[in-house]
Structure formats: C-alpha cells, structure tokens
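K.L.:
Chain residues, written in single-letter form:
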Amino acid sequence: MRKGPSWFNVVSITLGFVFLYLPILLLVVYSFNESRLVTVWAGFSTKWYGEMLRNQALMDAAWVTVRVALLSASVATVLGTLGAVTLTRFGRFPGRTMFSGMIYAPLVMPDVILGLSLLLMFVAVGLDRGFWTVVLAHTTFTMCYVAVVVQSRLVAFDRDLEEAAMDLGCPPMKTFFLITLPIILPAVVAGWMLAFTLSLDDLVIASFATGPGATTLPMKIYSQVRLGVTPEINAVSTVLIVIVTIGVIIASVTTKRQEVARQKAERMAAAAP
Amino acid sequence: MGQKTLGPVRRSFAPWLDPQAKPLIRFENVTKRFGDFVAVDDLSIDIYEREFFALLGPSGCGKTTLLRMLAGFETPTEGRILLDGKDVSRVPPYRRPVNMMFQSYALFPHMSVEANIAFGLKQDGMPKADIAARVEEMLKLVKLEQFAKRRPHQLSGGQRQRVALARSLAKRPRVLLLDEPLGALDKKLREATQFELTDLQQELGMTFVIVTHDQEEAMTVADRIAVMDHGKMVQVATPSEIYEQPASRYVADFIGDINMIEGRIEASGEGRTRFRSEALGLTADVLDATPIGVGETSWLAIRPEKVSVSHEPPADTSVNAVEGEVWDIGYLGDVSIYHVRLAGGKTIKATRANVTRLIERPITWDDKVWLSWSPDAALVLAA
Ligand SMILES: Nc1ncnc2c1ncn2[C@@H]1O[C@H](COP(=O)(O)OP(=O)(O)O)[C@@H](O)[C@H]1O
Ligand SMILES: [Mg+2]
Chain A
1 MRKGPSWFNV VSITLGFVFL YLPILLLVVY SFNESRLVTV WAGFSTKWYG
51 EMLRNQALMD AAWVTVRVAL LSASVATVLG TLGAVTLTRF GRFPGRTMFS
101 GMIYAPLVMP DVILGLSLLL MFVAVGLDRG FWTVVLAHTT FTMCYVAVVV
151 QSRLVAFDRD LEEAAMDLGC PPMKTFFLIT LPIILPAVVA GWMLAFTLSL
201 DDLVIASFAT GPGATTLPMK IYSQVRLGVT PEINAVSTVL IVIVTIGVII
251 ASVTTKRQEV ARQKAERMAA AAP
Chain B
274 MGQKTLGPVR RSFAPWLDPQ AKPLIRFENV TKRFGDFVAV DDLSIDIYER
324 EFFALLGPSG CGKTTLLRML AGFETPTEGR ILLDGKDVSR VPPYRRPVNM
374 MFQSYALFPH MSVEANIAFG LKQDGMPKAD IAARVEEMLK LVKLEQFAKR
424 RPHQLSGGQR QRVALARSLA KRPRVLLLDE PLGALDKKLR EATQFELTDL
474 QQELGMTFVI VTHDQEEAMT VADRIAVMDH GKMVQVATPS EIYEQPASRY
524 VADFIGDINM IEGRIEASGE GRTRFRSEAL GLTADVLDAT PIGVGETSWL
574 AIRPEKVSVS HEPPADTSVN AVEGEVWDIG YLGDVSIYHV RLAGGKTIKA
624 TRANVTRLIE RPITWDDKVW LSWSPDAALV LAA
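Top line first, the protein sequences correspond to chains A and B. Mapping to our numbering: the first sequence position 68 is 68, numbers consecutive. Mapping to our numbering: the second sequence position 157 is 430, numbers consecutive.
A portion of the hints provided could be inaccurate.
With a cut-off of at most 30 Å between alpha-carbon atoms, the simulated DSBU-like pairs for lysine-lysine come out as follows [to be verified]: (1) A:Lys264 / B:Lys416; (2) B:Lys622 / B:Lys461; (3) B:Lys461 / A:Lys174; (4) A:Lys174 / B:Lys401; (5) A:Lys174 / B:Lys422; (6) B:Lys622 / A:Lys174; (7) B:Lys401 / A:Lys264; (8) B:Lys460 / B:Lys413; (9) B:Lys413 / B:Lys401; (10) B:Lys401 / A:Lys256; (11) B:Lys413 / A:Lys264; (12) B:Lys359 / A:Lys264; (13) A:Lys264 / B:Lys622.
The hints are simulated quantities; they were obtained by calculation from the structure and are not laboratory data. None of these values were measured; they are calculated from a predicted model.
One chain only, chain A, in its complex shape (with noise of 0.2 Å):
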C-alpha cells in the first residue's frame, strides 16, 4: 500500500488554504503597499503603519476596544467560571437543567437579535449608551463560552482532590483556591483568550450597545471601508492579525508543551521500579 497523502487530499487541502488564508495574505501584502490605491501594487513601503499611528480617530478606537475587551474577558471569565462552577458543583436544584441549556443559548443566538435585546434593556432601564455598556454587553456574550470551555474541564475534575484537600483541614473557598483553579487554570486562561478575542472583533453586539465617544476599532474599520478601503485599514487589520495569531500560538505551544513533558514524565515514571 503506498503511504502518504493521494493527489485528491493534495488538492482538497490546498484549496482549503488557499481559500482561508489568501485573502488575509493579500491583505497583508497590500497594508505594505506603497500606492494609496488598494489594489494596485507601487512597491513595497511601511509608511500606512506610520499613517495609521497619526490616525488619531483611529487609534481612540483600538483604544477603546482594547479596554472594552480587557475589561469584559476580565469580568466575564470570573463570572463565566463561578457559572461553571456552580452548574457542575451543586447538586441538582430546581432549574438546573434549563440553567445549563440556557448557558448555551447565547452562543447559538444571532448577534442581531442578542444586541437588539441588550439596547431595547439599556434603554428601558434608562442606562446611557457608551463605553461602559459595551463592556457591559461584551461580558453578557462572552461569559457563556468562558462558562462552557471552564466546564468541560471541570467535568473532568477529580472530586477526590477537594476532598482530599478537606480532609487536611481546609476549609471550602480554600480548597477552591489551593486547588480547583491551580488545576482548571489552564481553562480559565483559555476562556479569558477567548472573550479577549471574541470582544476584540465584535461588530453586531457592539454597535447595538455603544454610544457617543464610544467607538471601538471593528465599528471605525466598518464605517471607513463603506467610504473606501484604505492601506491604513489594512495596516491596522494586520496588527490585529498579528496580536491574535501571537496568543493563539503562545496558547496552544504551552499547552502542547506541557501535554509533552507529562507525557514523558509519566512513561519514565512507569519504567521506574
């Protein structure tokens, strides 16, 4: 049997990654472009990286959403993790069924309608729209995947170990402390990336929740392509592209890093005597 990729997994791949990462390669490419027009290439030139650094509209905004994002993932991963806590934790209570289906819904629901509720909300309670009901709003969304990405590690998580940690004289919120998050850390950091990011390239929910002063970058890149797509747009969308492909990778290399070591850990420790 011949070993390796057939020419039709060749294909299938390469056009996948073609199809996923062209356009953001020409984007890329073209934030490099000498020429003020976007799609004709005059040479190779970093000075729209310069541009965008004097845009100050423009980088209030990456201001702005960098706050938004730090703030909401913040938030949103400590309540994201108590819900997650006490959805596997405690027993069963009434409601506990339609609590954790409901923990869910947000990440199935359209961005449209979930904005749509959170304004017809800040409007009824007489909230005024700005930068503190965006985090507001971006901590509501993104608690949910902090909330099911902490809980599919704690489903994991030997009770023993509290037990254990009790048994030696500490008391609950210690051992909550001492010992659950050292060990579902990793998950809580992971559910933190995701808000950061999913905060970070908000449009929908944010343009529903903002008011005046309140502009993050996702909504000034929107309202500046729909007057033309200029290299500075790209200049800025390749920072982004650079700041969240750095996290991804840092993320996924100690993860997988650690994965290693334990694994090797584990088979010198099985060849001990």
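Given the structure of chain A, go ahead and fit chain B with the ligands onto it with the hints provided.
P.N.:
Below, chain B with the ligands alone, put in the same frame as chain A:
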C-alpha cells in the same frame, strides 16, 4: 519504646473483650439513605484505640459510604457517630481529627511530593521549621526521601501510593481511614505493602480503619474484620474467628473456600451435634453444641484443607467419612485441589499440600477415594 515490646503487647491486644474499655469510634444505629436506596442499614460498631479494623464486603455493600461518614463527607440519615465519646455526625471533614487515604490517592498534581505531604500541616498553621521536620520524617517513613521534589505524575503507582499514605499520616490523626488503599497495585507489591501497613500501624500506635473487598488482605492486616452485606453488618470478629467460626453461610462463603452440605440436625447436646444428610448418605459429628433445633434444615460447613483424601477407608466409615470418585484436580503448585464427586452427585473439595516434588500424584483422576475429617473440623450453620 522499641518495637520489641509491641510484639507481646500485640498478642494480648483485645480491647473488644474488655467491658470497661471505651471505644474510640462508635457507630450508633447508623442508617444512610440515598433517595430510596439504603446504603447503610441500622449499623452499630465499636472500634477501639490502636485497632486495625477492616470493613470487608462485596462491591456496593456500603463500605465506602460508611468510611465517608466517618471522614465527614456524608452525614448519617439516622443514628450517631461518636469519636472519643463526642458526637461528630455533623462536624465538617476539615474539623475532624481523622484523615483518609483515597482509593484514587488524590494527590495534588500541581504540587511536589513535599508540598503534598506538607499541605495538611500548613492548614493547621504549624510553624515552618516543624513542617519541614515532619515532612522529612514522613518521607523517611515511606522511603521516598530522594523523591521529595518530584511531581506526582513523575512517580510510579507504588510510589504514589506511599505519598498518599505519608500525606494522610502527616497530621498524626486519631484515626486513619484507608479506602481500598492497595487496589491499584499488582499482587506482589500489594502483599509486600500489606505487611508494611501493619508494621507502620504498630510502630505509630494509631487506629486504622481499612476498606477492602479482598478477604486475604483483610485477614492479613486486621485485628478485627467486619463483614458487610447490603449495608448490614453480618459479623464482626478476629480473622481466625471469621474463618473458623463464621456466623452464617454468607460469611463462610465470602471468606475463603468452603464445602456446604444441606441436611438436618439428628441430635444435639453436651457439646456435640449429630448431622445427617439423607441425600448423600452422610452422617457427621460436630464438636459443638448448636442452637438449631433437632430436625431443622441446616448446613454442614467444612473447609477443603480440613478434609483428608485417601484410598484406604478410615477406621470408622459410619461417621465423618464419605466415599467418592476423583472428578478433577486443580494443581496450584503449593497445594492441589481435589474435586471429589459423591454418589448423590454433590462435589466436595479437598486440598492436599504437595509435600513431594513428584509430578505423578498418588491419587489421580477417577480413583475411588475416601474423604474424612475430624469432629472439630466442621461446623453446622442455620442460614
Ligand atoms: N452519592 C451517592 N448517591 C447515590 N447512591 C450512592 C452514592 N454513594 C454511594 N451510593 C450507592 O450506595 C451503594 C454503596 O456504595 P459504596 O459505599 O461505594 O459501596 P462499596 O464501597 O462497598 O463498594 C452503591 O450501590 C452506590 O451506588
Ligand atoms: Mg468502595
């Protein structure tokens, strides 16, 4: 106090016979229900200081539940648990002077061996220097000094088991609870560890309560064994009492191998009982008075190693003897088990020690043989 003095002390160790002795642990009519399911059923036991006590029973009979109630992870639905005379039924696990070694070991994966052992001591707010000294002492006790800095996943199964043991002993608890502590080890290591456990328990002078479904393990380590069945206590006694004087057919069957013959009591009195099985044409004299009434259905129970097999009939063939044919032989190396088929179709097992190296055994398949036993070898059971 050296270990030497403990030997003789040990041999006379039987506080359960002393009516003055106060139990360290007392289960008082304890019942535990999960919904409708009764896991532990109106159970009472006394466990004494420095005792090595085993809870033995088949899987699902409620042993772990009983242990978890003692550790504080479950509260009894009914009844009380007393520790040192105080009711601890509702005291949370982190406030009980009791430590448990988990079946899964439950070692903290993100901490070194050292930190695992120190964990309980830190919770007590012990000074740092004392913690270090105690950890070192514990590592020495379980012979893991050179593994102090390792993480649990860098250890073999046997080493992990010893870390778990050291961790649960570090706080010098009043009682150490062990839930199937050796279940994950292979047979050789398990046997060696059983003896280490008993040595350790005597050296530390602590009270151990062990849960196991392995009767050999219970017999090896324990001062007394409690045999459980469906949440009920069936018999509590020393290993030899359990083996030689089981209280019921359930206990007799669960502990070791035993032949059980159905019949009736023919006569009873003056420390003797006469038993008769019409079906097998067998009459037995048992050196024991029985509370079972004459004529009632009962069972003659006799262990295979107490039945002798020979070609020649015994002097008196009318009692404690029966003829049969060798049906099968199980060769186990140290002993051989003879399955002897009686005229009534019943098979009786008899073991013979293989005292010579002869491959060809004097008694072999299809031989006509006599089975016989002495009056103090068998006992009569009612149910
Ligand atoms: N938390 C629980 N909820 C419901 N049933 C339980 C629970 N814990 C144990 N049981 C049931 O109680 C019975 C006894 O369990 P356990 O004490 O673990 O038995 P053992 O240790 O003797 O094998 C089992 O049938 C088990 O299914
Ligand atoms: Mg069990």
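K.L.:
Are the Cα atoms of lysine 413 (chain B) and lysine 264 (chain A) separated by 30 Å or less?
P.N.:
holds (27 Å)
K.L.:
Starting from lysine 460 (chain B), check that the Cα of lysine 413 (chain B) is at most 30 Å away, please.
P.N.:
Holds - the C-alpha atoms of lysine 413 (chain B) and lysine 460 (chain B) are around 24 Å apart, at most 30 Å.
K.L.:
With a cut-off of 30 Å on the C-alpha distance, tell me whether lysine 174 (chain A) and lysine 401 (chain B) pass.
P.N.:
With Cα atoms ~19 Å apart, lysine 174 (chain A) and lysine 401 (chain B) stay inside 30 Å; holds.
K.L.:
Between lysine 264 (chain A) and lysine 416 (chain B), does the CA-CA distance stay at or below 30 Å?
P.N.:
holds (24 Å)
K.L.:
Hint check: lysine 401 (chain B) vs lysine 264 (chain A), CA-CA at most 30 Å. Holds or violated?
P.N.:
violated (33 Å)
K.L.:
Decide if the proposed pair is consistent with the structure: lysine 174 (chain A) and lysine 422 (chain B), CA atoms, cutoff 30 Å inclusive.
P.N.:
Given that 30 Å is the threshold and the Cα spacing comes to 24 Å, the pair holds.
K.L.:
Hey, lysine 264 (chain A) versus lysine 622 (chain B), does the alpha-carbon distance stay inside 30 Å?
P.N.:
violated (50 Å)
K.L.:
Measure nothing beyond the straight line between the CA atoms of lysine 461 (chain B) and lysine 174 (chain A); if it is 30 Å or shorter, mark the hint as holding.
P.N.:
Roughly 40 Å between the alpha carbons, so the hint for lysine 461 (chain B) and lysine 174 (chain A) is violated.
K.L.:
Is the straight-line distance between the alpha-carbon of lysine 359 (chain B) and that of lysine 264 (chain A) 30 Å or less?
P.N.:
violated (49 Å)
K.L.:
Do the alpha carbons of lysine 622 (chain B) and lysine 461 (chain B) lie within 30 Å of each other, as the hint requires?
P.N.:
holds (27 Å)
K.L.:
Checking one constraint from the list: CA of lysine 401 (chain B) to CA of lysine 256 (chain A), max 30 Å. Satisfied?
P.N.:
violated (36 Å)
K.L.:
For lysine 622 (chain B) and lysine 174 (chain A), compute the direct alpha-carbon distance and say whether it is at most 30 Å.
P.N.:
Violated, at about 58 Å.
Consistency with the previously given hints fails for numbers 3, 6, 7, 10, 12 and 13, ordered from lowest to highest.
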